[in-house]
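Colleague: Sequence:
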Amino acid sequence: MKYKELENKEAVSRTGWTGWKKFLVVLNVMLAIVIAFALLLEVNYLSSRHYMRRDMTFAQEFELADITKNVLKQIPETEKVQLHLLRKLDEAYTENGRQYTNAPVNVALLRLNDIIDELKQYSGSVEFFLYDLNTANAKVVLEELKETIGIVPESCRANDLIIIYKGRKKTVSVNEMFTAENPTDYASQPKLKSFFAESVITSAIRELIEDRKTVIYFMTGHKELDKDSNEDGIGIFASLLLKENCELKKIEKFSTYSEIPPDCDVLVIPSAGKKFQEFEIQTISGYVNNGGRILILLRAMTDTGIEKIAEDLGLKVGNDLVMEGDKSYTQISMGTSGLAMPLPEGQFYVDRFGNHIITEKLAGTALLCQLARSVTPSEKLPDGVEAVPLLMTTEKGWGETDYRHADKARFNSGKDLQGPVTFAVAVTRKAAADNIHNQARLVIVGSHFSIEDAVMNFMPEFTLNSVRWLAEKENEISIPRKNPENRMILFSENDATFLKWLLLLIMPAFIALFGFSLWLIRRR
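Here the sequence shown is numbered in our numbering, starting from 64 and rising by one per residue.
What the hints contain is simulated information worked out from the structure, not anything from laboratory work.
All the pointers check out, no bait thrown in.
Capping the alpha-carbon separation at 30 angstroms, the derived lysine-lysine pairs in DSBU-like fashion look like this:
| # | residue 1 | residue 2 |
| --- | --- | --- |
| 1 | LYS313 | LYS536 |
| 2 | LYS232 | LYS183 |
| 3 | LYS151 | LYS306 |
| 4 | LYS493 | LYS379 |
| 5 | LYS286 | LYS276 |
| 6 | LYS478 | LYS443 |
| 7 | LYS254 | LYS306 |
| 8 | LYS493 | LYS424 |
| 9 | LYS183 | LYS143 |
| 10 | LYS132 | LYS183 |
| 11 | LYS424 | LYS132 |
| 12 | LYS379 | LYS337 |
| 13 | LYS459 | LYS478 |
| 14 | LYS229 | LYS202 |
| 15 | LYS143 | LYS232 |
| 16 | LYS379 | LYS424 |
| 17 | LYS536 | LYS424 |
| 18 | LYS306 | LYS229 |
| 19 | LYS232 | LYS151 |
| 20 | LYS443 | LYS459 |
| 21 | LYS132 | LYS232 |
| 22 | LYS493 | LYS313 |
Please work from the sequences and hints to get the whole structure.
Modeller: Here's what the structure looks like:
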């Protein structure tokens, strides 16, 4: 009897102890879960406040340019820039669950959202509002727009982006932010060729926050290239300057007592084809002595007298034609075929840039040049003058003096200028103490090809950076425009077959074999 009572007490004791241990185990697990959850919340909180974003695209397409970051930094924390997008996608059909075509405007709108997300991530002063015009109540959406920001619906167009800062408004169209490439067959759709929404938005924001525009004067009256003429082909240069928040004006042919207008920030002499008179040269020289800023684009095989401006600064302008002897710079690749087509005589690519803020961000790019003449700094420059080469050929380049027979050009030692040949130079010169600018700035290029549409449409940064430097806007020096690339992996039929069996058979079989091996090991 006593034995049974003792056995029952021990059983109860064991049962109680076991229950207490279970309670402790459950409590320990629950505490571990709570602590893990708390740590997870803490990690998420810290990562939301201290994080790193990295653009993993091949061409860094979504990395904001320095000019954009500098413009956003100018906005006070208490102010807001509002972006209102009237989005209307190009529809394939209008049924429920409709699909949208891959039209360029649709691709551009998707990429625009990515750019705006980057702007918002970089600056808390950017606010974004989306109005979907694909909905049935599009009119109601427009009426709401009128109530919120005071925009008349009749003045709005589909895919307009309305930018508002301090009550000032600027409207840009999404159609201005991209170019499309037409298909070669009727079955295909147009494709997005280039996309530059960031520069368009940045230009619009800068126009709203800046009080004064940069005034740029174009010299005329000497057969210069005309910014307003469709025939001269520098319209893209002029339009890009307008987007840079510049005001463009003209200087007609000088009268005897004329001078450079006092509001001139930068004077552009775009490839004069007629000789300047002596008093005109003196007027421009006086402008330089007083701290003026000039972009001079020379014309090859043409003497206009403007070369004297460069010579007074210690530069030698050659009466020659710059040639490139390295064949890899005088031909254009024909894609994946491996073939190459030679460029016309006097036309070549240049990727040798000098150590200057104008060109420091152009490393790894190539600029197309044509019909250039050499512009070489002297070994001993005048007092107060500094000159930095900007563009130069390879060591195989030369300055051809017998340019009238350029089709048979070859380097002649002792007669031609030996490479590397410099044909663009940035010059500074100390100005008088009583001037607004403490130094004059000039960029002298031995060719006008860098401002023609053929170059400006694809590689405008060199010329635009030159204007920015001349206008003392170094913080707006930008990297080359980023164009979207369709990077495809091409498979042969054998490669596709191997990939199919790799995914459907080989990899599953390997996983099954690995699991079976573990099962055998555990059985032992």
